[in-house]
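Q: Mind docking chain F on chain L? Use the hints.
Keeping their order, the protein sequence lines are chains L and F.
Mapping to my numbering: the first sequence position 4 is 4, numbers consecutive.
Mapping to my numbering: the second sequence position 125 is 125, numbers consecutive.
Derived from the structure by calculation, the hints contain no laboratory data.
Be a bit skeptical, because a hint or two may be false.
What the hints assert, rightly or not - List of simulated lysine to aspartate or glutamate pairs, DMTMM-like, C-alpha gap at most 25 Å:
(1) F:2 / F:53
(2) F:54 / F:15
(3) F:31 / L:227
(4) F:97 / L:227
(5) F:2 / F:65
(6) F:116 / L:214
Model, not experiment: these values are computed from the prediction.
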Amino acid sequence: MEETMYSLDPQHESTSYAEVERWVSLASATALMAYGFSRRTLPGFCLAVAATPLAFRGVSGTWPRFNDWGSDDTRVALSGSRGIHVRESIRLERPVAEVYRFWRNLENLPRFMTHLEGVTDLGNRRSHWEAKGPAHMKVEWDAEIINEVEDKVLGWRSLPGSEIVTAGAVNFSTVRGGRSTQVSVHLQYEPPARRAGALVATLFGRNPASMIREDLRHLKQLLEAGEIPRATGSLT
Amino acid sequence: MKAVRFYGTEDVRVEHVPDPEILNPRDAIVKVTTTAICGSDLHIYGGYIPTMEKGDVLGHEFMGEVVEVGRDNHRLQVGDRVVVPFTIACGRCYFCKEQLWSLCDNSNPNAWMAEKLYGYSASGLFGYSHMYGGYPGGQAEFVRVPFADVGPLKVPAATLVNAPPPTDLSMRMPAPARRAM
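Bound-form chain L, shown alone (with noise of 0.2 Å):
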């Protein structure tokens, strides 16, 4: 059953060929890089330093390309198959309403949010983000949001100048006839040094799909219960 489903999938057959592609170059890269430095001569060190390119396109699956490098243009950086998506949902026994209006006050997502320190709005629909990045590294950045429809949806946008490309919006729908509400996340963003630094983020920490299905438990749990349950004095 589980096997007819994943053959179904047609993003999970077209990755096969690029997995291959990037494991061919990664292995190639090291190669290269260690009969070039193990040459301990100029031409040596050269050869192993021209490999780069060839590693990076195993760890990122792309060559690198200097003139997007490090664009803060969402349109840019996330168009397309770009960037890391994350697809979370939950259902509350709340009223949409409610729900959709604790959200819209952004300033209540660091109560649920863990990885998030604080945000601030600057009004204008604009706001001020700081988070914990991996290995405890704070990273801000300033968003504006894009699409708002009350009870609804609400979608936003790094604005450029930040330090972390993202966009994303979440979805508010009223199921079992009113009375529970569904949402539903779809978060995008390029982490500084692109997937090479999700894969290290990805070492450090949690990834990002379960941090997030994490903070949407805890918004279930401050807006059904009134509190996040805990054990213990800290909250993990």
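A: Just chain F now, with coordinates in the frame of chain L:
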């Protein structure tokens, strides 16, 4: 306070630990007057329950007297005598509204662990591994009871709670059975 702590397979010790404190608004602190060892404590004692950690306080069948309540707990008062259920329930999620307390969506802070192992999580539990919340249990002098405005059952003042149990088992049998002995 004194508490029963798990240290490993067939290694359980009575030790001094810090007294519990109110951590959340709906909490209560209960001074334990009677506690039990359950058959399922033997699963822990035998080393069969994953995500137990050294120093975890055991016990999930206990009763006692309320000695402190959180600011949002409007159901219990200091001095109330209560029996505390094993399962911790928020009282407001879908399952709690259906009175399926043991399936509470909100009382297990480590639900992701149980989901990884079983696919779904159940409610938080007292003294029964970190997968079910890592809540310190009731084989102790005091217990912090989360969502204490939902689970604990108040014992009417007239009920004699601390009478010594009959030592002769035949005393608990119905009269015809006693005569047969």
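Q: Does each hint fit the structure? Answer for all of them.
A: How the hints compare with the structure:
The hinted pair formed by residue 2 of chain F and residue 53 of chain F meets the criterion: a straight-line CA distance of about 18 Å does not exceed 25 Å. Straight-line distance between C-alpha atoms of residue 54 of chain F and residue 15 of chain F comes to about 12 Å, which keeps the hinted pair within the 25 Å bound. The straight-line distance between the Cα atoms of residue 31 of chain F and residue 227 of chain L is roughly 23 Å, inside the 25 Å bound, and the hint therefore holds. At most 25 Å may separate the alpha-carbon atoms for a hinted pair to count; residue 97 of chain F and residue 227 of chain L meet this at roughly 17 Å.
Proximity of residue 2 of chain F to residue 65 of chain F is assessed by CA-CA distance (about 17 Å); at most 25 Å being required, the pair is judged to hold. For the suggested pair residue 116 of chain F and residue 214 of chain L, the alpha carbons sit about 13 Å apart, so the restraint of at most 25 Å is met.
Consistency with the previously given hints is maintained throughout, with no hint failing.
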